[in-house]
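S.K.: Please model the complete structure; the sequences and the hints are all you need to start from.
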Amino acid sequence: MRIGLVRHFKVDYKRRFLMTSKQFKDWEMAYDTSEVIRNDVELQNIHWDKCYCSTLSRAITTAKDIYTDEVIQSDLIREVPISPIFNTNFKLPFWFWAISARFAWYFNHSSQEELKRNTELNAKDFLDFLEKAAKEEKSENILIVTHGFFMYTLQKQLKKRGFKGKMIHTPKNGNLYLYKR
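For the sequence shown, the UniProt record's numbering gives the first residue as 1, with consecutive numbering after it.
The hints are all genuine.
Capping the alpha-carbon separation at 27 Å, the derived lysine-lysine pairs in DSS-like fashion look like this: (1) Lys160 x Lys138; (2) Lys22 x Lys10; (3) Lys22 x Lys116; (4) Lys164 x Lys180; (5) Lys64 x Lys124; (6) Lys135 x Lys180; (7) Lys91 x Lys22; (8) Lys14 x Lys172; (9) Lys132 x Lys160; (10) Lys10 x Lys50.
Please keep in mind that the hints were generated in silico from the structure rather than gathered at the bench.
M.R.: Pasting the structure below:
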């Protein structure tokens with residue numbers, strides 16, 4: 001069985017360098033609904049039997065652009081929401097908000113909408129579903145279009161299930177990463 005992971009196309013949205021906690025959350029909402037910049041994706045001449053994607057528009061657009069048959073959407077492979085760790089009107093750099101929020105997620109901090117254990121459960125549940133469906137439908141090659149931060153959790157779950165492939169910490173937009181078992 002082969003699983004191809006693709007991070008959605010690059011999002012066409014600029015951000016401010018300094019922002020308040022509210023502006024940071026507003027940035028996330030705008031980012032989630034922004035257009036993408038399409039690019040060619042090398043699918044390694046593999047016939048993909050199925051394609052699954054996140055329910056966020058950037059993943060849907062990417063999946064429909066690179067896969068010609070039906071694309072199946074799933075909330076289980078959505079990007080992990082990111083929230084400021086505290087509220088303030090004081091402007092701080094974007095990188096502070098992003099890094100501190102991801103640390104907060106890692107330590108299951110209450111400031112985050114989704115905790116690490118929930119993200120891991122989503123990845124496990126999705127792969128359980130995927131393996132069952134693949135067995136029933138005799139699908140050998142599955143394409144998944146998802147998001148950069150979530151992909152890392154998904155890769156770890158694939159490794160635990162015996163899939164071989166390179167662990168990518170910062171996946172490139174519109175690029176295929178292949179895992180085989």
